[in-house]
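K.L.:
Line by line, the protein sequences are chains A and B. First residue of the first sequence: 0, per numbering that gives the first Met the number 0; consecutive thereafter. First residue of the second sequence: 0, per numbering that gives the first Met the number 0; consecutive thereafter.
Hint data in this document are derived by calculation from the structure and do not stem from the laboratory. A portion of the hints provided could be inaccurate.
Claimed, not checked - Straight-line distance between alpha carbons at most 20 Å, and here's what the computed SDA-like set of lysine to any residue pairs gives:
1) K227/A with Y87/B
2) K240/A with L140/B
3) K1/B with K227/A
4) K1/B with D200/A
5) K240/A with K79/B
6) K174/A with A44/B
7) K240/A with Y87/B
8) K248/A with V26/B
9) K1/B with F106/A
10) K174/A with I74/B
11) K240/A with K38/B
12) K79/B with K248/A
13) K79/B with L64/B
14) K121/A with G210/A
15) K248/A with I8/B
Said to hold, decoys possible - Using C-beta positions, here's what the derived DEER-type ranges look like:
16) Y25/A with A188/B: 32 to 42 Å
17) D200/A with A5/B: 39 to 49 Å
18) Y25/A with E88/B: 29 to 39 Å
19) D133/A with M105/B: 28 to 38 Å
20) K121/A with Y66/B: 24 to 34 Å
21) R177/B with E201/A: 43 to 53 Å
22) G83/B with P24/A: 53 to 63 Å
To be verified - Just a sample of chain A residues kept apart from chain B, beta carbon distances all over 12 Å, derived:
23) A19
24) V71
25) P83
26) L94
27) K121
28) K157
29) I212
30) Q219
Even for Gly, the Cβ is constructed at its ideal location relative to N, Cα and C.
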Amino acid sequence: MAETSALKKNVKFIITRQDAPDSKPYTEEFEIPYRPNMNVISSLMEIQRNPVTSEGKGIAPVCWDSNCLEEVCGACSMVINGKPRQACAALIENLEQPIRLQPMSTFPVVRDLVIDRSRMFKALKRVKAWIPIDGTYDLGPGPRMPEKKRQWAYELSKCMTCGVCLEACPNVNEKTDFIGPAAISQVRLFNAHPTGDMNADERLEMLMEDGGIDGCGNSQNCVRSCPKGIPLTTSIAEMNKDTTKHMFKRWLGV
Amino acid sequence: MKGYYARKIHSLLGVIPLSFFILEHLVTNFGAFEGGLAKFNEGVAFLNNLPLVFFMELLLIWLPLLYHGVFGLYIAYQSKPNTGSYNYERNWRFLFQRISGVITFMFIIWHVFETRVQVALGNVTHEELGGIIHAVVMNPLTFTLYLVGIISTAFHFSNGIWSFLVSWGITVGPRAQRVSSIMCMGLFAVVSVLFVLSLIAFRNVEFATALNVIDSLKTVLS
Numbered sequence: 000m001a002e003t004s005a006l007k008k009n010v011k012f013i014i015t016r017q018d019a020p021d022s023k024p025y026t027e028e029f030e031i032p033y034r035p036n037m038n039v040i041s042s043l044m045e046i047q048r049n050p051v052t053s054e055g056k057g058i059a060p061v062c063w064d065s066n067c068l069e070e071v072c073g074a075c076s077m078v079i080n081g082k083p084r085q086a087c088a089a090l091i092e093n094l095e096q097p098i099r100l101q102p103m104s105t106f107p108v109v110r111d112l113v114i115d116r117s118r119m120f121k122a123l124k125r126v127k128a129w130i131p132i133d134g135t136y137d138l139g140p141g142p143r144m145p146e147k148k149r150q151w152a153y154e155l156s157k158c159m160t161c162g163v164c165l166e167a168c169p170n171v172n173e174k175t176d177f178i179g180p181a182a183i184s185q186v187r188l189f190n191a192h193p194t195g196d197m198n199a200d201e202r203l204e205m206l207m208e209d210g211g212i213d214g215c216g217n218s219q220n221c222v223r224s225c226p227k228g229i230p231l232t233t234s235i236a237e238m239n240k241d242t243t244k245h246m247f248k249r250w251l252g253v
Numbered sequence: 000m001k002g003y004y005a006r007k008i009h010s011l012l013g014v015i016p017l018s019f020f021i022l023e024h025l026v027t028n029f030g031a032f033e034g035g036l037a038k039f040n041e042g043v044a045f046l047n048n049l050p051l052v053f054f055m056e057l058l059l060i061w062l063p064l065l066y067h068g069v070f071g072l073y074i075a076y077q078s079k080p081n082t083g084s085y086n087y088e089r090n091w092r093f094l095f096q097r098i099s100g101v102i103t104f105m106f107i108i109w110h111v112f113e114t115r116v117q118v119a120l121g122n123v124t125h126e127e128l129g130g131i132i133h134a135v136v137m138n139p140l141t142f143t144l145y146l147v148g149i150i151s152t153a154f155h156f157s158n159g160i161w162s163f164l165v166s167w168g169i170t171v172g173p174r175a176q177r178v179s180s181i182m183c184m185g186l187f188a189v190v191s192v193l194f195v196l197s198l199i200a201f202r203n204v205e206f207a208t209a210l211n212v213i214d215s216l217k218t219v220l221s
């Protein structure tokens, strides 16, 4: 008895679709049978199995991007009911219906819900978000990191470059070249590392280039939106402090 | 100039000298509330008798104001407000900072044109300035516009100090930013009330006598 009523329950979706990077977006509605514990990704898989809209029109299946399915890879970011988040961690039970799915349109849309996050990886290269350890000979072990520092640095290392903070930021748009909160927080992470600190100035200088940290307007949407709870605004303020110090050091020192 | 420095100078000029000028202006205007026309004119006379007053005005008010205003319009243009999707207090303040910035800039241009520019053109004397503002506040329309302008200025000033503290890395953690936020909003309340009280004080009839232009206009019209 309970099973039949569960079978009758349907989940409604309104999905923003786009056939090609430069074609016009449109919406389509879908209704799929409810199953316990389903999430947005499993719903999209269901639509893929039976690509028919609620009006009964057969269409090309909806495209999306996903990978790990446990909220650590950052691939399945999309705007769900108005807020950007990971589709794999968006349980249908917790969502208001009809569920609206949109691509994170701050990024170039490839197709349907698939977006191109290359700008984030370019930003990481720009700020040198790595620790150079290669030498022509064995450089030996680096300095140790204090445990207290490791604890907060670990939180920053959870960043999965998912792009949610850029989508939420009012200053990341086509009118600016702001690199966004994620890369700024990564500068803090790599500058906190005892070996990474040896190249700290280079990273700070990249933040002082055009499109760098000065693009932040303190709306603080990023910290409220980050799926990993990274203290992005603390990172930005800390980098504001470090770039300010670096600016004065460059003027007054040497 | 590189964007970082342009933005940094914008942020610095907002506090030094512009915020200090707002406080100075508040103190002078509050003289109208405290001691009426005599006290207000005393304040105006004191300021205009300062040595090198022209250069002080130029370097501490006009040029910083022009830079902060014009660059600020560009910053406002670059943002894409999203308070509809992200209904958070800080996000609303981000939006209000930009709206109030534009309103304040227009208000200041109008206000300076009515007062300082007219003095420079020789149309009014320093002693008649109180009368000019009296005429403004007796007209319901311009009184409302002044109220909006003043409150918008007070907000932009107070909230600007909050974001200045973040942008220069002075308030880093969430607690520091929360405490400074409460303090800045308190400052907003105090500055607004004092400015509004000063504005209302200009409604006093004694300021009317300070403006001969109005009297002569009235005789022409009657």
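K.L.:
It remains to establish, for every hint, whether it holds in the given structure.
P.N.:
Going down the list of hints, with the structure as the test:
A distance of roughly 19 Å separates the Cα atoms of K227/A and Y87/B; the hinted pair therefore holds under the 20 Å criterion. Distance restraint check for K240/A and L140/B: the Cα-Cα separation of roughly 45 Å exceeds the 20 Å cut-off, and the hinted pair is therefore not satisfied. Using a Cα cut-off of 20 Å, the hinted pair K1/B and K227/A is violated, with the two alpha carbons roughly 33 Å apart. In summary, the hint linking K1/B to D200/A is supported, as the alpha carbons are separated by about 17 Å, within the 20 Å threshold.
In summary, the hint linking K240/A to K79/B is not supported, as the alpha carbons are separated by about 26 Å, beyond the 20 Å threshold. Simply put, K174/A and A44/B have alpha-carbon atoms about 47 Å apart, too far for the 20 Å limit, and the pair is violated. Distance check on the hinted pair: K240/A and Y87/B sit about 25 Å apart at the alpha-carbon level, beyond 20 Å; violated. Proximity of K248/A to V26/B is assessed by CA-CA distance (about 37 Å); at most 20 Å being required, the pair is judged violated.
Proposed proximity of K1/B and F106/A is contradicted: the alpha carbons are some 25 Å apart, above 20 Å. Of the pairs offered as hints, the one joining K174/A and I74/B holds, with about 10 Å between alpha carbons and a cut-off of 20 Å not exceeded. With a C-alpha separation of about 43 Å, the suggested pairing of K240/A with K38/B is violated against the 20 Å cut-off. Between K79/B and K248/A, the direct Cα distance comes to roughly 34 Å. Violation of the 20 Å bound is thereby established for this hinted pair.
At most 20 Å may separate the alpha-carbon atoms for a hinted pair to count; K79/B and L64/B exceed this at roughly 24 Å. Pair hint K121/A plus G210/A holds up; C-alpha atoms about 12 Å apart against a cutoff of 20 Å. About 17 Å separates the Cα atoms of K248/A and I8/B, which keeps this hinted pair within 20 Å; it holds. Separation of Y25/A from A188/B is about 49 Å and departs from the stated range, judged on CB atoms against 32 to 42 Å.
The given range of 39 to 49 Å is broken by D200/A and A5/B, whose C-beta atoms sit roughly 21 Å from each other. The hinted range of 29 to 39 Å is satisfied by Y25/A and E88/B, whose Cβ atoms lie roughly 35 Å apart. Between D133/A and M105/B the beta carbon distance is about 57 Å. The supplied range of 28 to 38 Å is therefore violated. A hinted range of 24 to 34 Å holds for the C-beta pair K121/A and Y66/B, which are about 32 Å apart.
Separated by about 33 Å at the C-beta atoms, R177/B and E201/A break the suggested range of 43 to 53 Å. Checked against the hint of 53 to 63 Å, the pair G83/B and P24/A fails, with Cβ atoms roughly 18 Å apart. Look at A19/A: its CB is around 24 Å from the nearest CB on chain B, clear of 12 Å, so calling it non-interface holds up. Non-interface status of V71/A relative to chain B is upheld: no Cβ of that chain comes within 12 Å, the nearest being about 24 Å off.
Against the 12 Å criterion, P83/A falls within the reach of chain B, whose nearest CB is about 9 Å from its own CB. Non-interface call for L94/A relative to chain B: holds, since the shortest CB-CB distance, roughly 16 Å, exceeds 12 Å. The claim that K121/A is not at the interface with chain B holds, since no C-beta of that chain comes within 12 Å of its own (minimum 18 Å). Residue placement check: K157/A keeps its beta carbon more than 12 Å from all beta carbons of chain B (closest about 18 Å).
The claim that I212/A lies off the interface is violated: its Cβ sits roughly 7 Å from the closest Cβ of chain B, which falls inside the 12 Å cut-off. For Q219/A, the non-interface assignment is contradicted: its Cβ lies about 4 Å from the closest Cβ of chain B, within the 12 Å cut-off.
When each numbered hint is compared with the structure, violations occur for hints 2, 3, 5, 6, 7, 8, 9, 11, 12, 13, 16, 17, 19, 21, 22, 25, 29 and 30.
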